[in-house]
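> The lines below spell out each chain.
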Amino acid sequence: MTAVIASFAQVTMVVLGAPLLVGVMRQVRARMEGRVGAGVWQPWRDLRKLFRRQPITPVGTTWAFRTAPLVLVGTTLVVAATIPLLTTTTALDRAADLFAVVGLLSVGTVVLALAALDTGTAFGGMGASREMTVLALVEPTILVAVFALSARVGSTNLGQLVDATLHNPLQVMSPASLLAAAALLVVTIAETGRLPVDNPSTHLELTMLHEAMVLEYSGADLGLIELAASMRLTLLLGLVASLFTPWGIATSLAGLPLALLAFAAKVTVLAMVLAAAEVLLAKLRLFRVPELLAGSLVLALLAATTSFFLA
Amino acid sequence: MPAHPGGDRHGVAGVDWPVNLIEWGLAGATGVAVLGALVALLTPERARSVVAGIAVAGVGGAGLAAGVAAIAGEEFTAHLPELLPLFGVTLTLDPLGGLFMAVAGAVCLVAAGYGVSYAGGGHGNRSRSTQATLPLFTLTLVLVPAAGSVSTLLVLWELMALTSLVLVFTDHRARPQVTSAGLWYAVMTHLGFVAILAGLVVFAAAAGGDTFETLRTAQLSPGLATVVFAAALIGFGSKAGLVPLHVWLPRAHPEAPSQVSAMLSAAMVNLGVYGVIRVGFDLLGAGQRGWWLVVLILGAASALYGILHAAMASDLKRLLAYSTVENMGLVFLAVGVAGWFHTLGEERLAALALAAGLLHVVNHAGFKTVLFLAAGSAVRATGSRDLDALGGLSRRMPVTTALFAVGALGAMALPPGNGFISEWLLLQSLVHPPAGAGVTTALVLPVAVAVVALTAGLAVATFVKALGVGFFARARSRAPEQAVESPPLLLATTGVAAAACVALAVAPAALGPALSRATGATLGVPTDVVSGALTVRLAGIASTISPLLILAALVAAVVVAALLVQVVARRPARRREAPLWDCGAGPPTPRMQYTATSFAEPLQRVFDDVLAPETAVDTHLASPYLLARMRYQRRLPDRIEHWLYRPVLAVTAAAGRAARALANGSVHRYLAYGFFGTIGLLVALVVIP
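Protein chains in written order, with this note's numbering: chain L, 1 to 311; chain A, 1 to 689.
Isolated chain A, as found in the complex (with noise of 0.2 Å):
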């Protein structure tokens, strides 16, 4: 327990307590968990979802309060030595850490719920080993952003690559693509693990010390610094999907059940940019601009090529995975852009990137959420990702269709939906340029700010497209017709994470205090970057903007328009039903619709050189004059991964098919392997000094 009586407890700063909030909810977090987690194991089946639900609403709920009280301004501190041999467990929480730690408890907290329901309801695996992975899950997403030292922070995020490589297996037995998504994902997040381990080991090493403090007033030489900052780049950027790191992402995070999607795509990702904004700006003091270049650099081809996959998806999770993509290339934008400012000591708009970047992460978390839980039930209802096949879903399932319709004007960056406002952010730190900038200022923020406005448009087309297919038009299939609305439950905890987008959207300077904190713990200069109530104001920069206001304006336009309509229209506009303009042709076949493969199309063509198709068209000729059937394919691999991957894959294989010829089963030539090779290295240790 973290709340151990030997632990190392600092008092309260900030706000007076009666308790310290943190230590509770996270010893009560940790507690919850591994009781969570056994009693999980001993129930019968039926109730071991709700079990699980309750005990991962616990640790969320937990990490929620104890993130809340840390943005509050309380501080925590605890060392157990015994907990973990060599250099125990230290942990610590401070604005930064309690601004993820609550992000991810709440998509906890919300996704227990639907989780419950989820798994009772048919889908979603109800083994022993995923319903008590669940907790262990959620209490490894909660801790990581309070781990204090190296080898804290190593141990929570190998468990919680663990824990999640459980949850995305799932379902490997219903689905032969979860087996190979789930070895893409092991590998590639402990390459990842790999790369932060010899980062902050060599870090570790140079600096002394193990904990957060010691690496601090640690005095590295540029080139370390450089290579500790890139291990870790690698490393978290890999857990974010940061290209060319992203190819696990998109196969690993929609095989997962819905809810544990939204737990990978709303909170994990998240831990990704948490660990380089700690590792970069406050472990490393910001260090050299050259590396917010590349950071800013990695984000903007994140970002474009993210969305222009996710454009250009058919399979429904598979787009909004990509689409996390984007998203958090476009929060390493803003990190990279926070660091480029602060090295050139232009502290304001460091601190205003810095916050556009942590505020787009929560606002992606909520409507990420939403987007996941709400494709969730459609799949539940059908059966299907595919959105080629789906469609006419708003009025079998009218709740989910507008929940998700929330989702998606997040996602779309419109007003007035929340991501519009993180946007609106990020873009008021990139078109104030400081006085006096280089050259490479000057090139870089204009084309940033084209960057982040082609992701934005390519995402409008990306979720009208989810939208418009998928949930309105006819449906294009039999299942979506037949499909019924989601249980109560699904719908009320959906309904939660839309709720917490609206408010998002319209009062987001609620959140002006804990933005101002935590970019003031990272950048070390407290200010306060966004104020005011009803309006949105900038410390700084004279731009204003009243999201409450736009929503009200546009409500009593909407209605002052339909009453002038009536007034216009002397007698009441009945409405009258008719079919379908036909062309007089016959009725329109719901096949004769466009899918989302040909909404795409136009984008696809455009994109060609970047996205590089492959079609393929098979014409079969009855005569030379006739036509009798013609076949089109279409596929649209991962380019990165067809360039970067696959010949990786291929020299690996060819090296383990050479390496079989060298055990061919003699017992006497592994015997003198193992003589040979003692020999040598003691030999080599004498040679070497």
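Next up, chain L with everything else stripped away, as it sits in the complex (with noise of 0.2 Å):
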């Protein structure tokens, strides 16, 4: 019972903030160029006026157009219920471990490409198709990064695997669990679509990744894309938070809201150097991101060779 509650409430905290991150993260962004900026509840602000617009469904497509925003959300809300943000034993815990959530997020990815391809339109085959280059390039930094993480646990469950952190602080200290947490870092830019391997604010066709393929959306639709994006955004953060500076977790149900404000600092934190990296990032082109990625990949199989010999 508490492990629902917990993951309720891990679930409503990442609805809600999400957006608020993003707010927060543009904010820093606009203050940085010397912009006023539009404020951190702008995102919502956004999103309500989505909500309340009638979505247009463009002639010719499917139930693959249609369905694919709600699922995008499922699949977030499930990760959202599952990894541990605010206690490491979430209702979804023994039922997916790090590996199914990998899983689920790239079926968010899935089903927008498939939909992008439905509208058969230029822009949305062109966001589908990088968009899907960029996935099965990141995949092998993601897996080989949780073999590191995992040997010396000996499990891929995140609660045990933030639990063996909890009890064992020095861990992440050593040089396998530095350099996992790097290559993730890397990956979850490429994952959320943040500079330098995508743009979430353009709209240059030869640039768009994330946003060619949801061109079509509008209203309702567009809104719950957008709050997935958040969403995603706000989890992966919140992993490898948890996953590297798991310090304030709850492990009972009245250390729910002190988590609540540690995870809200950790992340905040994490969002906001990211926002200011990327004032001083420029995007990389399309075909050199596989360098990127190609080095984030070296970094994790740096540390899974050397979590057998420095464990």
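Among the hints, a few may not be true.
No more than 25 Å apart at the CA atoms, straight line, and that leaves these computed lysine to any residue pairs for SDA-like [said to hold, decoys possible]: (1) K49(L) <-> R576(A); (2) K49(L) <-> V560(A); (3) K49(L) <-> V565(A); (4) K49(L) <-> R35(L); (5) K283(L) <-> G295(L); (6) K49(L) <-> G295(L); (7) K49(L) <-> R574(A).
Covered by chain A, per the in silico footprint, the following chain L stretches (three or more residues, Cβ under 8 Å) [as the list claims (entries may be wrong)]: (8) 54-66; (9) 153-164; (10) 293-304.
With the C-beta cut set under 10 Å, the calculated list includes, among others, these residues of chain A facing chain L [claimed, not checked]: (11) V449; (12) A453; (13) S598.
Keep in mind the hints are simulated off the structure, nothing from the lab. Each residue gets a CB set at the ideal place from its N, CA and C atoms; glycine is no exception.
Two independent chains are provided; combine them into the complex using the hints.
Right, dumping it as structure tokens:
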């Protein structure tokens, strides 16, 4: 029962907090660029506006187009209920391990790519093709990093991974853990479509990845996709935070409020660092992205091999 | 008949059945197959496919029953000395063979029903040869795992090669490339046969006997054992499409009628895996660590090479055939890891890796059957296998599209598909290294994880392409615009296979006992590798997963999200239809869509060095400043074929031409050849003691 309540709390927190996190990132960016910025509540205002608008279905699209936003949000909600953000014992912790979480996030990307292809436009195909290329190249890094982290614990279930770090805090400073953290940060950036892999605020066909896929969406559908995108960002940053700095995470219901504060602080700091870095970075050419991802794979492989010798 | 009264019959060990199900199953299968083939030869064209379909279903069903009985613990051995000269026929079935027999039987059972309607619809071939061969091919698929001696295995293996060859040649009148594909297959399968023959005959000679029981007890020197294993790996590996012996597979599998493609790609390739496991683990007793490293590396290479070419392919059935190369590569990787751990003495991890490989055989058979049958329906409706000419089928053929989507989800290895579970097991066997592992293990395991992950990622891209470009989107030519949904029998049989995929996806733990028995029989250490009901648990590893709970949570989350949107939107969100956004430049035509080729272009660029595509751009200028015409051509030949096979073929052809000078038509010369040949032989016999 406590696990269900904890999971429910996590899902509520992620749904409500994710747009705020995006707002914070945009605000940091605006301030660093010398603008006033729209305030941290702007993403929520955008969502409210979108959800009240009528969705438009392009002529000739099928169920693949119509159901994709819901499935995307659905996978994100399941992940939010699974990974340890506030507590190490979520309701789905034994049902879905880190491989399943990675798989579920990929399912979200896949349904969106299929929807983009379903529209039958050049933009949709372009976005789907590029997104699938990045996804295929990101996968090895993630799974090898999982290897590096799980080898010493003997489990890939996230609750146990975080528990092990809680009980043995010095593990975080081991070379394997540091290398895996670096590799995972790179793929987090790629997965969430941030600079330098993708630019969330561009609509230029030469550079679009994610935005090209969702070009035909409008109204509540677009609102769902925007919400899911911000939730995925929160979840992946939260996952990195929980795996490498699990302190403050609750082990009982009473600890939830404190865990909430700790989690918000950790993720906000990570997001602000990310936003600050984005101001200083230019987007990579699409065909330079594989080099970045290959670099992250090398880091992950090093992490995995050192986990044998320097554990 | 296997149920010969003179047959040597052992009692039932695990389960006490009133009759031996295996004996009856195999006898029934043989009877039905022979009878079906004879009747199919005699019946007129209209009824022929029905007769063949019933016979194939009978053989498949009997094989499934016998296989399940063997997994359940029933034992069977029969020796029929008079059926084959010299050594006779020995049949025996253990849980490992039973698993492969059950998979082959189930695939054939589904393909049988599909074949009836497919052949009747004007596609496929209703010729006597094809329809009479189908039951015999099914019989060999079912019987190979039951072979209990070298000679029996070789005879059945060769019969399987010959019958499948006839089936690959089915459409040779309609399409010229069928002949070329069939020739490649004929040559490769016989080279493989020669390798198996040489290896096993050497083995049998050293062991002093022909039955597997004798071979198990034989003491081979390490060098000889390595020779036997290498020959078996070459022979069986070529059947499973192991790189670099895969070249025939993406040619031959797509050219057969679609239900035969399914039988080849979902059932026949498995027997290559079976052969390597049987010879390597069972008969040779796992042997040396180096063997398994080779198997692991070849498996990894096949997985990557296969999926890369599948990601590039724009021919739907060729894509599926390359995906078979990939999946068999993953299975071989699992088998290699199992052997590696086994020789290290890590029995628990070895059993887990082998169970992952076997489960992937089952899962691959499931989703590949669905994919080939659904693709066959699409080809039947449009007359085209070219993804660049398809599209828009989801509106014209919604059921076929949904079925293909189920298969594609399995092939993508994403939750909640069935392929995910076996890859999850494989990854679990890789990411929990044994304590105090050596340097090689520390290097091999992470790289193996990276290979599996990259393969999975590319498989996602491949099947998004196959489904998104081929079935969704807008029709790229006239044919898919006018396609009609397949007849009920085609949909029903494909649906049965899809239902099996769903069952495998949500309740994989149900196969746990079968996997434990099969791995126990192979490695000789019975463990409960995979257990649990709702949640899959592994022996000795803390990781757990519950596919059913994931699926339930996903469905619940989607429903809640849909309801919340309705609440937040206040007024019911009525959808409005509007034309596609056209940048203000007039409606976009279907020709402006991304094709399969353009979809794969970024990946092709990334893997340029491996694929080495040949591109040619011809530009015709109207004036120094104005382009009149431009022609872009891209070919993606199989590099291994190019570098490895072309030179061999060229040398062989040159040798053949040179040898022509020896035969100039003079009878005197030929008599002289005979005379000097005999003299030479006699001299040699005298000189060599």
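> Work down the list of hints and note, for each, if the structure agrees.
Against the structure, the hints come out as follows:
1. K49(L) <-> R576(A): holds (17 Å)
2. K49(L) <-> V560(A): Since the Cα atoms of K49(L) and V560(A) sit roughly 21 Å apart, the hinted pair holds (cutoff 25 Å).
3. K49(L) <-> V565(A): holds (13 Å)
4. K49(L) <-> R35(L): holds (24 Å)
5. K283(L) <-> G295(L): holds (17 Å)
6. K49(L) <-> G295(L): violated (41 Å)
7. K49(L) <-> R574(A): Given that 25 Å is the threshold and the Cα spacing comes to 16 Å, the pair holds.
8. 54-66: Per the Cβ count (11), the hint holds.
9. 153-164: holds (count 6)
10. 293-304: Our answer is that it holds, as 4 residues pass the Cβ test (under 8 Å) against chain A, meeting three.
11. V449: This interface hint holds because 5 Å falls under the 10 Å limit.
12. A453: Because about 4 Å separates A453(A) from the closest Cβ in chain L, which is inside the 10 Å limit, the hint holds.
13. S598: Holds, about 7 Å.
Of the numbered hints stated above, the single one contradicted by the structure is hint 6.
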